[in-house]
Amino acid sequence: MSLSSDVSLVRVRSRFWTRFGREVNVGDFVFRRVTAFVAALVVLVLGAIALAMVRGSQLSLAKFGFGFVLTSVWDPVRDVYGALPFIYGTLASSLLALLIAVPISLGVAIFLSELAPEWLRSPVGFLVELLAAVPSVVYGLWGIFALAPWLRESVEPFLAKYLGFLPLFQGAQHGFGLLAGGIILAIMITPTISSVSREVLRAVPSALREGALGLGATRWEAVRITVLPYARSGLVGATILGLGRALGETMAITMVIGNRAEISSSLFAPSYTMASVIANEFTEATGELYLSSLAEVGLLLFVVTVLLNIVARVLVWRVGRLPEGGRL
Amino acid sequence: MSSYNRRKFTDVFVRSACVLSALIALVPLGSVLYYVTVRGIGGVNLDFFTELPKPVGEAGGGMANAIVGTLKLVLLACVFGIPPGVLAGVYLAEFGDSRFGKWVRFSADVMSGVPSITIGIFVYSLVVLTTKQFSAFAGGVALAILMLPTVTRTTEELLKLVPESLREAALGLGIPKWRATLRVMLRTAAPGIATGVMLAVARVAGETAPLLFTAFNNRFWSNGFNEPTASLPVNIYTYAVSPYEEWHRQAWAAALVLLLMVLILNISARLLVRSRVGAR
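So the sequence lines, in the order shown, correspond to chains X and Y.
Here my numbering is used: position 257 in the first sequence is 257, and no number is missing along the way.
Position in the second sequence (first residue = 1) + 1000 = my numbering.
Bear in mind the hints are in silico, worked out from the structure with no lab data behind them.
All figures in this text were calculated on a predicted structure; none of them were measured in a lab.
Where a beta carbon is used, it is the ideal one built from N, C-alpha and C, also for glycine.
Some hints could be false.
To be verified - Short, incomplete list of chain X residues facing chain Y, as computed with Cβ under 8 Å:
id, residue
1, V38
2, V42
3, A212
4, L213
5, G214
6, L215
7, T218
8, A279
9, V303
As the list claims (entries may be wrong) - Keeping only pairs whose Cα atoms sit at most 20 Å apart, straight-line, the calculated DMTMM-like set for lysine to aspartate or glutamate is:
id, chain 1, residue 1, chain 2, residue 2
10, X, K63, X, D79
11, Y, K1008, X, E114
12, Y, K1132, X, E284
Please build the complete structure, drawing on both the sequences and the hints.
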């Protein structure tokens, strides 16, 4: 570190800037203003994104009003747009993803923070985080050529055979559809949910575990009685963060969900998500109203994910903030 | 005693369930790596790195333009994303306790959850509509916005980890605060920040959605930064959803190259941190 050169600069440091009767270094003054200006950019960009989305969707907001989210006709030829099928597809695929990913991620988090021997924790944690490093489009490619054929040939016939009495598992078996979309989202949000959950579990004071173990609880009982209640709000937060990611995920799900704007009760049926319709149609949208409707879909997605993120972060922070040995 | 046995059994059952879920979580990773390697390796040859894509029906060709395009986009993202991110992070660490600081932190956190496709629409209306063309520049801006919150928050967190005593020592020598921050605090935190930045770069290098309507695509070389630009992720998408067998082969090869780029960045960033922690 070249401290010595800095010290020599002290002598030539300008000291003419005076505020409130105190000497203020010019450099300090400028430094603070410059960094504050750049920090303000972060707020500005977020505000600009919100503004751009609202302005872009004005036409559609004015024309369709609230009906936009309640009607299911999406017809560029007649210039009529209703986003219900996309909202349904987004919610259904994300909930399916949560159903699959939450139990698995919780298991992973408990394994990594409570059960695994010390030497195994960082390699397994590392591998789970690598899942998050694989680009979305690579998951999509794998989804098209590996996951969907596997679903079509093995999983869907099996489900139809044994659970076919449920409307969920009826209809043609393409491989591409809600089920494939839900599974691929589940894979992609597992690292998010499990790594946040692991951090939350780690924030639980170990005195709690030790107390339970000392009273004769088994490992699992100690986790169930002390750790999980303490960490509950954080775990909910982790799940909501995962949900936020699932709702906004675009490429992988676009490649496997089948992209048909229909609402069907079957998990085998093709569906369409909000992010997918933007990805597929935005560059080809010709009419003003068409573009505006797509922007409104984007606006909805933006608002929902922002709200979810805020809720999730509040919940996760709360665990870290509970007083040491706080209430159970 | 039977109650004891039941408790024992539940314990073993839940513990095995946890181990099992860890295994299940890793199956897709294994499968993706396997498929990409096996299907991609055949298409990766010298041509892939040096040739332009061939028209449909002609065998061979490569993705040289997309590889260069991805590098260009990542370079632009770094130029536009890292300096503001680091400076905003410095602000948060040094002066961030104010009400304004809380707003900045909040915005960065919220922004990290905004879907990347939304950022694509934003940059489309901001840059593409203004300049009236798809361009590498627009793509770079989109990726930079995606990086910004990560870089900001990483810089803040890591600066906060630097012991105050270092700053006090520097200030005690009579250095102005800003120099102490830049020369002592930031320099001490630099390796950690570099790791965070590398992870952010690895993430945006594989992003597709924000490029679809910013950088768009290009079958040929693009000159400079003001033309539509091909990139590996967008090419993988276009080729994967096409009906042509030959294009699928190319898509797998591109996926292998992209995955290697991303994983090497990601893993070396993590190793950098680990070697630091181990040395302490």
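Okay, the hints, checked on the actual structure:
1. V38: holds, 4 Å
2. V42: holds, 5 Å
3. A212: violated, 12 Å
4. L213: violated, 12 Å
5. G214: Because about 16 Å separates X/G214 from the closest Cβ in chain Y, which is outside the 8 Å limit, the hint is violated.
6. L215: violated, 13 Å
7. T218: holds, 4 Å
8. A279: holds, 6 Å
9. V303: violated, 10 Å
10. X/K63 with X/D79: holds, 11 Å
11. Y/K1008 with X/E114: Holds. Y/K1008 to X/E114 sits at ~17 Å (cutoff 20 Å).
12. Y/K1132 with X/E284: holds, 16 Å
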